[in-house]
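Q: As a plain string of letters, each chain reads:
Protein chains: 2
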Amino acid sequence: MAAMDKILLGHGSGGKLMHALIEEYFSPAFGNKGAGDSAVVDVPSTRIAYTTDSYVVSPLFFPGGNIGDLAVCGTVNDLSVAGAEPLFLTAGFIIEEGFPLSDLKKIIASMAAAAKQAGIAIVAGDTKVVNKGKADGVFINTSGIGSLKGGISISPANILDGDSVIISGELGNHGVAILAERNGLTFDPPIKSDSRPLNSLVKAMYKATDKIRFMRDPTRGGLATTLKEVALESGLCIRIRELSLPVPLPVKGACSLLGLDPLYVANEGILVAVVGPDVADTVVSAMHKHDHGKAASVIGTVDRSAPGMVLLETAAGGSRIIDMLQGEMLPRIC
Amino acid sequence: MAAMDKILLGHGSGGKLMHALIEEYFSPAFGNKGAGDSAVVDVPSTRIAYTTDSYVVSPLFFPGGNIGDLAVCGTVNDLSVAGAEPLFLTAGFIIEEGFPLSDLKKIIASMAAAAKQAGIAIVAGDTKVVNKGKADGVFINTSGIGSLKGGISISPANILDGDSVIISGELGNHGVAILAERNGLTFDPPIKSDSRPLNSLVKAMYKATDKIRFMRDPTRGGLATTLKEVALESGLCIRIRELSLPVPLPVKGACSLLGLDPLYVANEGILVAVVGPDVADTVVSAMHKHDHGKAASVIGTVDRSAPGMVLLETAAGGSRIIDMLQGEMLPRIC
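Sequence order for the protein chains is A and B.
Numbered according to the working numbering, the first sequence spans residues 1 to 334.
Numbered according to the working numbering, the second sequence spans residues 1 to 334.
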């Protein structure tokens with residue numbers, strides 16, 4: 001009976017084994033059939049945000065989370081930084097033959113918990129199984145839809161000369177936690193992934209102001225790549241102050257040990273916002289009152305001096321040009 | 001420069017290589033950024049159908065299609081058989097390091113062509129790259145949303161005693177085409193996958209009647225598994241006539257050679273519909289006028305005789321109980 005502890009090719013067949021998997025594992029966690037069929041859902045507005053992300057993180061379990069909550073939070077956050085209220089997610093699993101059912105159960109439970117925390121529903125799903133050696137444990141795709149209130153517009157085109165750049169929390173925790181786990185390193189204090197849903201933080205920000213021009217979550221490629229994208233897309237210059245960047249000491253130490261630059265390390269629980277200069281302090285104060293915004297701060301400003309460029313004013317008083325991530329520093333970080 | 005013909009880990013980094021991939025490959029085909037960000041879309045109704053499917057078909061290229069058009073058509077069809085008008089799709093790619101960029105280009109072109117044929121837009125995307133040996137070429141997830149007109153309801157709960165069961169086309173072509181390609185077999189005449197979008201066929205059916213109780217596309221697990229699901233979910237008995245089943249001669253021959261039962265072989269371009277008995281002929285006539293419904297026919301009826309069962313009236317005059325697919329006959333068929 002050992003085979004019944006593991007995923008078999010038949011679990012992806014569409015037949016009896018797949019139905020049993022759905023009934024025993026997915027339905028109890030997600031509260032619906034979770035099968036390959038369409039869900040019918042009602043959205044409160046006809047203007048919606050729509051996104052998708054696949055998750056291939058390695059290892060599947062890491063300090064602070066696993067691929068399951070990462071897959072839910074990541075897509076919730078994509079919608080949140082689009083200014084939308086996340087409502088519904090789908091979940092598509094690609095599972096390697098032989099994958100332990102006990103691990104699948106843990107991953108599904110984490111997804112359900114993250115969905116509950118974010119207040120969203122996983123309404124449709126799909127499971128495929130590939131032969132042993134043709135995947136790496138499990139890959140998860142989540143797509144998500146959220147409703148967009150009239151008047152809300154998040155675009156680099158909205159950014160104006162003089163705007164303030166805000167970061168909602170500490171840099172580098174997710175990427176360093178993954179890399180440490182991958183290499184069997186432990187730190188004291190431990191470094192945990194910051195993976196978490198940001199929709200309620202964004203809600204608090206909108207309560208404080210309607211002058212949010214732009215938001216993005218600095219995941220793959222880190223803060224540096226995100227800011228460079230924003231600079232290019234807006235045609236403006238972004239200046240950030242190194243001394244303002246909230247890099248926690250353990251992350252600093254680990255990055256120095258591992259030869260990483262925290263500016264390029266992936267984050268999963270923070271966002272960058274560009275807001276009008278007159279509301280920056282108000283927004284940051286509102287963020288400080290939220291559990292996920294306690295370390296929020298203004299890290300820089302926007303100007304017209306060097307269109308498309310990101311400049312880091314260093315602690316030493318110099319200025320460093322920040323480019324996008326080149327090549328790959330940390331593959332399979334999400 | 002040989003490396004530039006192939007996918008590198010850096011193509012999934014979020015950095016420069018990924019931006020170049022999006023700009024050179026995805027944007028020209030899909031007409032948008034296709035990046036990991038949310039798309040903002042307008043839907044004509046607040047009642048929408050929402051679905052997801054991952055595609056892991058092996059081989060990636062087969063007679064009649066490839067993983068790209070399959071991923072678009074499959075999700076369009078999931079929405080279509082929910083009674084919805086498919087509008088927007090997302091596409092998530094998981095690519096194995098070293099995958100030829102020329103193959104990726106072909107796959108993307110097929111997706112764009114299928115999207116055009118179906119009249120839908122691919123509005124958001126994501127690309128992840130995993131190390132060589134940790135995936136099998138490329139896996140694609142598509143999710144889709146469609147608008148549902150008020151009054152349209154597709155549910156096994158709608159099915160009534162006396163209803164007619166219709167199939168829209170020939171059985172078995174997709175599964176046999178894949179298996180033949182996998183095993184290096186060729187048939188004369190060649191057997192091609194039936195992968196195609198069914199949304200315009202469904203539109204023609206709704207023009208003919210509003211008495212469509214239920215539809216489903218018999219993909220994994222084939223017609224047998226689909227009908228058994230419907231019998232169980234409706235609590236009614238489905239009786240089909242073997243002599244009415246449109247199994248093309250080449251598929252019959254190939255199934256007999258390969259030891260397959262065409263009732264359990266996956267299809268990607270047909271649907272099963274349950275309609276009121278008074279409109280069955282009208283619907284079938286309307287389907288015959290559509291390119292994708294030329295082989296449509298009534299294959300059986302619904303009654304209360306044996307709740308939850310599917311009975312096949314055989315050519316020999318007997319009656320055979322049809323169950324769901326057990327185990328796995330054809331892994332990675334879609």
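In short, the hints are calculated from the structure, not lab data.
Hints may be right or wrong, so weigh each one.
Remember, identical chains collapse to one label, so a pair may be satisfied in a single copy or spanning two.
Taking lysine-lysine and the DSS-like style, the derived pairs with C-alpha atoms no more than 30 Å apart in a straight line are [as the list claims (entries may be wrong)]:
1) K252 - K16
2) K149 - K289
3) K289 - K16
4) K192 - K16
5) K252 - K149
6) K149 - K6
7) K132 - K106
8) K116 - K192
9) K149 - K106
10) K203 - K16
11) K149 - K132
12) K207 - K6
13) K132 - K105
14) K6 - K132
15) K203 - K6
16) K211 - K252
17) K289 - K105
18) K252 - K207
19) K116 - K105
20) K252 - K192
21) K16 - K207
22) K289 - K6
23) K6 - K294
Nothing here was measured: the structure is a model prediction, and the numbers come from that model.
Q: Decide, hint by hint, whether the structure agrees.
A: Verification of the supplied hints:
1. K252 - K16: So K252 and K16 pass the 30 Å test across copies only (25 Å; inside, 51 Å).
2. K149 - K289: within (24 Å within a copy, 43 Å between copies)
3. K289 - K16: Close neither inside one copy (50 Å) nor across copies (36 Å); limit 30 Å.
4. K192 - K16: Between copies only: 27 Å across chains, 40 Å inside a chain, cut-off 30 Å.
5. K252 - K149: neither (40 Å within a copy, 55 Å between copies)
6. K149 - K6: Neither: 45 Å inside a chain and 42 Å across chains, both beyond 30 Å.
7. K132 - K106: The answer is both: 21 Å in one copy and 27 Å across copies each meet 30 Å.
8. K116 - K192: Cα proximity of K116 and K192: one copy only (21 Å, versus 45 Å across).
9. K149 - K106: The answer is neither: 35 Å in one copy and 39 Å across copies each exceed 30 Å.
10. K203 - K16: neither (43 Å within a copy, 32 Å between copies)
11. K149 - K132: neither (46 Å within a copy, 43 Å between copies)
12. K207 - K6: Neither: 48 Å inside a chain and 47 Å across chains, both beyond 30 Å.
13. K132 - K105: both (19 Å within a copy, 27 Å between copies)
14. K6 - K132: Close inside one copy (11 Å) and across copies (24 Å); limit 30 Å.
15. K203 - K6: For K203 and K6, the Cα distance exceeds 30 Å both inside one copy (41 Å) and across copies (43 Å).
16. K211 - K252: neither (33 Å within a copy, 66 Å between copies)
17. K289 - K105: Neither, since 35 Å and 48 Å both go past 30 Å.
18. K252 - K207: Neither: 34 Å inside a chain and 65 Å across chains, both beyond 30 Å.
19. K116 - K105: This pair counts as within: shortest intra-copy Cα distance 16 Å, inter-copy 39 Å.
20. K252 - K192: within (14 Å within a copy, 58 Å between copies)
21. K16 - K207: Neither: 49 Å inside a chain and 36 Å across chains, both beyond 30 Å.
22. K289 - K6: Neither way: K289 and K6 sit 45 Å apart in one copy and 48 Å across, limit 30 Å.
23. K6 - K294: Close neither inside one copy (42 Å) nor across copies (44 Å); limit 30 Å.
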